[in-house]
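For what it's worth, my numbering labels the leading residue of the sequence shown as 1, then goes sequentially.
Each hint should be verified, as a subset may be incorrect.
Using 27 Å as the maximum straight-line C-alpha spacing, the simulated DSS-like pairs for lysine-lysine come out as follows [said to hold, decoys possible]:
id	residue 1	residue 2
1	K317	K354
2	K29	K183
3	K33	K143
4	K317	K377
5	K285	K295
6	K372	K191
7	K143	K5
8	K377	K354
9	K116	K191
10	K116	K183
11	K339	K377
12	K35	K131
13	K98	K29
14	K191	K29
15	K131	K98
16	K190	K317
These are computed hints drawn from the structure, not numbers from a lab.
All of these numbers come straight from a predicted model, not from anything done at the bench.
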Amino acid sequence: MLSGKHILLGITGGIAAYKTTFLIRLLIKAGAKVKVIMTESASSFVSPLTLSTLSKSPVLTDFVNQEDGSISWNNHVELGLWADIMIIAPATANTLSKMANGTCDNLLLATYLSAKCPVYFAPAMDLDMYKHPSTAESFKKLKSFRNIIIPAESGELASGLHGEGRMAEPEAIVEFIQMDLAKGLPLSGKKVLITAGPTHEAIDPVRFLGNRSSGTMGFELAKRAANLGAEVTLVSGPTNLNVNHSRINLIRITSAQEMYDACHLHYNETDVAICAAAVADYRPKHVAEEKMKKKEGDLQIELERNPDILLSLGEKKTNQFLVGFALETENELENAKGKLQRKNLDAIVLNSLKDDGAGFGGNTNKITFIDKNLDIKTFDLKTKSDVASDIWEEITSRIHA
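Start from the sequences and build out the full structure, keeping to the hints where you can.
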């Protein structure tokens, strides 16, 4: 949700300023680019050098910089335009009052007044200050300006009192912003199930039957769904890929049976399911307990069918929107249409290994999207990230129709 976002963090002079070191780490871990503006008093509570090191950007404290005899200007207008999100944390009673009344006596406030992006503020003050009518009036005004309050928590305060006024913890601030950004997104409130990667079917403790799937397409579909507001369960076979997203629950499995079990565990509560994994159709009927030694002559391995995950989900489908993948080498369109109808799907994504740049192993794909009404849309060769966006655009246009 925060990946690639430009976040301007304003830090004011309260003891809770020390928590911003952890907040910056979390924002950067979420993929955001962070710049910091702090008031002069804030530097008494947390070091600008620490914040600069963590954010990998100079910390700004005043309109004018004077170093080595040279003078430069920190342009508050450009800073306001740069930001996708502005967070003021901690927001002291003093700064909140100034924000509410348009006072502009430092760089942070000038930038706040110039910002055209959503502004979040996390109040931090002592109990009586938090409950004071003037503070309540500041909150009311700021909300009327469409600024968004991240509510303070109850707990031990710097004064030694216990009560409301403690700044929200960094993890809670990040989660609050992510949840707020998700509101109104196409998949907000939806639960999505996605399968990805290959399955490995054991022959013995060392060897297995598998395929060349990297899992990239499934992972890109999961990331795109999460960024559109969905809660995603990603069931992945063995792959080197990883994902770090608060809205993605990654479940790692090895075999087709394990993938089958994981999918059925989550399917009832799913709104949209996309089976992008390359599941092995067969598995060895007997798995050797010890490593099989090479012997004279040929080796024969008896295989048995794996459960058909996509078919089983189609048979169980109630209100889910179910999407399958078809990787074909001949009679591509007819085979995909047959799979679409046979497995009770709402749509199928067709790949052809005859198309250069499509299929396993690469970072590109070329797809044809076919829905249950046999409406067909073919896309050009694109990166798998862009393909994921195309697929979700087709799905969302149908589930919201």
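Given hint K354 paired with K377 - CA-CA distance at most 27 Å: holds, 18 Å
Pairwise hint evaluation, K183 against K29, where the allowed Cα distance is 27 Å at most: holds, 22 Å
Distance restraint between K131 and K98, which requires alpha-carbon spacing of 27 Å or less: holds, 18 Å
27 Å Cα cutoff - pair K33, K143: holds, 26 Å
Given hint K131 paired with K35 - CA-CA distance at most 27 Å: violated, 31 Å
Agreement of K143 and K5 with the hint, judged by alpha carbon distance not exceeding 27 Å: holds, 23 Å
Satisfaction of hint between K377 and K317, Cα-Cα up to 27 Å: OK: K317 and K377 at ~24 Å, within 27 Å.
Straight-line alpha-carbon gap K98 to K29, limit 27 Å: Cα-Cα ~32 Å, so violated.
27 Å Cα cutoff - pair K190, K317: Holds: K190 and K317 sit about 16 Å apart, inside 27 Å.
Holds or violated: K317 to K354, with C-alpha atoms at most 27 Å apart: violated, 32 Å
27 Å Cα cutoff - pair K191, K29: holds, 24 Å
Pair hint K285 and K295, alpha-carbon separation not exceeding 27 Å: holds, 20 Å
In terms of the numbered hints stated before, the structure departs from hints 1, 9, 12, 13, listed from lowest to highest.
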